[in-house]
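Chains A and C, in that order, give the protein sequences.
No gaps in the numbering here: position 260 of the first sequence is 260 in the working numbering, and each next residue is one more.
No gaps in the numbering here: position 6 of the second sequence is 6 in the working numbering, and each next residue is one more.
Bear in mind the hints are in silico, worked out from the structure with no lab data behind them.
Possibly wrong hints are sitting among the right ones.
Said to hold, decoys possible - Each computed DSS-like pair below joins lysine-lysine, with the alpha-carbon atoms no more than 30 Å apart:
1) Lys42/C to Lys78/C
2) Lys78/C to Lys286/A
3) Lys205/A to Lys78/C
4) Lys47/A to Lys205/A
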Amino acid sequence: MRRRILAVIGAAVILTAALLAALLTPRPRTSTGFAMGSVLTQTHWGKDSSAPEEILRSIQQLERELNEALEAPYEALAIQEDSNGAFDPFLGALTALWNIDSRDGSPPYLPDQEEIEHALRQRRLDLGAYGKGAGCGAALGVLADRNTRAAVINLGGNILVCGRKPWFRPFKIALRDPKGGQNDSLGVFTLRGTYFISTSGSYEKFFEKDGRRYHHIFDPQTGYPAEREPGLISVTVLGINGAVSDMLSTACFVRGYETGLLEEHNFTALFVYEDGTVRGTGDIQKYFRITNKNYHWSEL
Amino acid sequence: MKRGDIAVILCLLILAGGLLLPPRLLPPGPLTVYVNGEIAMKSMHVNGAEVEIDGGRARIASSPCPDQLCVHAGWLDKPGQSAVCLPRRVIVELRGARNEVDGVAG
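So that you can see chain C by itself, here it is in the shape it has in the complex (with noise of 0.2 Å):
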């Protein structure tokens, strides 16, 4: 075999390995900014509440409810992070290609 063959096969075989990867292993990829399920790209208001979106992270930055709970979740900069404004039924998620956790409890 020649040393070009070899590298063929290496580079074929890595391919493969990469394919087979287990999620967590690979890089998190870009964070996607989810407003009661649908793909937010810019700041907005939904509901009353105002949606704060800044490149991969978001927050609800204001909200006319009286527990201002959705507020002090504070910006979200992981996948899996997620704020919730129940009284204005706003959510604001933020998905990766892989999760860290399948859900939260509690």
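Only chain A is shown next, with the shape it has when bound in the complex (with noise of 0.2 Å):
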């Protein structure tokens, strides 16, 4: 008889146990919301629902303060010097004449050579392949303040992932595929902790003129699309600042495949290619695994 009451009273306490510990896990909220030209979609872990309009607000905020930006920020012009030039702030002039990303619909240009120099020279300030990692940099900001036990940014494609999910469960973030659709994946990140990850690829925006793919990331050097090295379509970077994550994916697609730079900064990399060859730096296949049946890890 003991026994039974001993055995009942057991079974009982875990099943109260197990549906306490379901009860107190933090389900996980998302939202979306528009935020510097791109999408922005958050995914909080925890009791806090103010964050996620603290965080659209405070990107907001970032992308007006950009906007009226007569200088570029000091860690833009760090790397700029750090890329040899590869990231360029100053490149207003020459992104406007392409209008590869225009936002009003308007049609791309292929300028001539003397267009091209010209633009070159004006030096403009424009801090596309700055603002996004900053913006997931400013998130970092309001989340730092705050308790929250655990969140995901992802503002057009450029990651934040911070804090611990319940049960010890890593953040997955899938790779888009840069040779397939808006959901197709080339790998997983599995990520435990605080990370930025950021993106330069030739296939998000271009457009074809005479059987010719012109792409929007431009060699400084040259003005044209980047083609330094040769069959590179992407760059991924994995690293702990959002606006260098940013402008350091950029300098790489740029410069081809190196190590220098990253290591410089903590960053590791995959450089992705158009024969589905994938390079990482550093120790980055401890976090990155491929999945796509096209892609496969180079032999260098």
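Build the complex from these two chains, which are given one at a time in their own frames, with help from the hints.
Below, the structure is given as structure tokens:
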């Protein structure tokens, strides 16, 4: 009799504990909005329900500041120098001339050499390759002031993961297939802790004329779409600074495969090529797994 | 102990185990369509774009935007997928009880 009672009580205790654990596990809440000309998707674990709104506000505030900025932020000048000018915050006139990233639907334009040189000489400030990464950085600033348990911020494909998900689960972030559609992925990051991910790829925005493809990431040396390393179609970087991650992905896409610039800033990266080869730097293979059969790690 | 007691205890333990199962071992559950952050049950027009909802799947069937990227995203039928029309400011998402990933980079 006593054993029976003990067994039932034991089972009831386990059930209650499990029920409590299930009820107390925070459920993720997702919200979406528009900021910096792209989609802002936020997932938050925890009770703080005002964080998403405050993050949206802080990113919109940063967007206004960057639009009105007369000088480049210090970080942008530092990366420009470290990358030997591969990242250049003064390409505003060039970007406007090509008009590949037009927001009003007006068509892109194929300029001639003289127009390109003229645009390069103007040195007009353009923080397009800085803004979204800096926006993710601003989101981390908001989160750091609160006791949010965990959050994933996605600003137009620039990602911030921060905190700890319930039950010691890692963050899983898919990487879009640069040769596929909006919903195809190349592989998946498995991350614990706080990280930023940024990607620069020739697949994002481009136009074709007379059988040639012109993409939107310009080589500041030539004023033409970057093509220093043939076959490179996208670079994804992983590190712990939002604005720097955005700028480094651009700089690495312009320069082609390398490790020095990345190591200097404690970043690792994936270089993806037209033929399906993926080259990593540092220990990125610990965080990233290829899941798409059209891609494979490079043997180099 | 009687056989009935063991059955009761087993049931309780299985129930407890079920509650503690990691979400990814649970069935995906019903899919919910969100249009610009709101739950959507039937097809509709948003900002000039035509959102088609058909049971557990959805798509942007047409949009007056120049690039048509949102239309090319095609049917969404897995949790976490989305179709976005930036020029017309339309986001169609499919969310499930569990998502395979927490976000998509790139």
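Against the structure, the hints come out as follows:
1. Lys42/C to Lys78/C: holds, 18 Å
2. Lys78/C to Lys286/A: Holds, at roughly 27 Å.
3. Lys205/A to Lys78/C: holds, 26 Å
4. Lys47/A to Lys205/A: Violated - the C-alpha atoms of Lys205/A and Lys47/A are around 38 Å apart, more than 30 Å.
Hint 4 alone, counting from the list given before, is not met by this structure.
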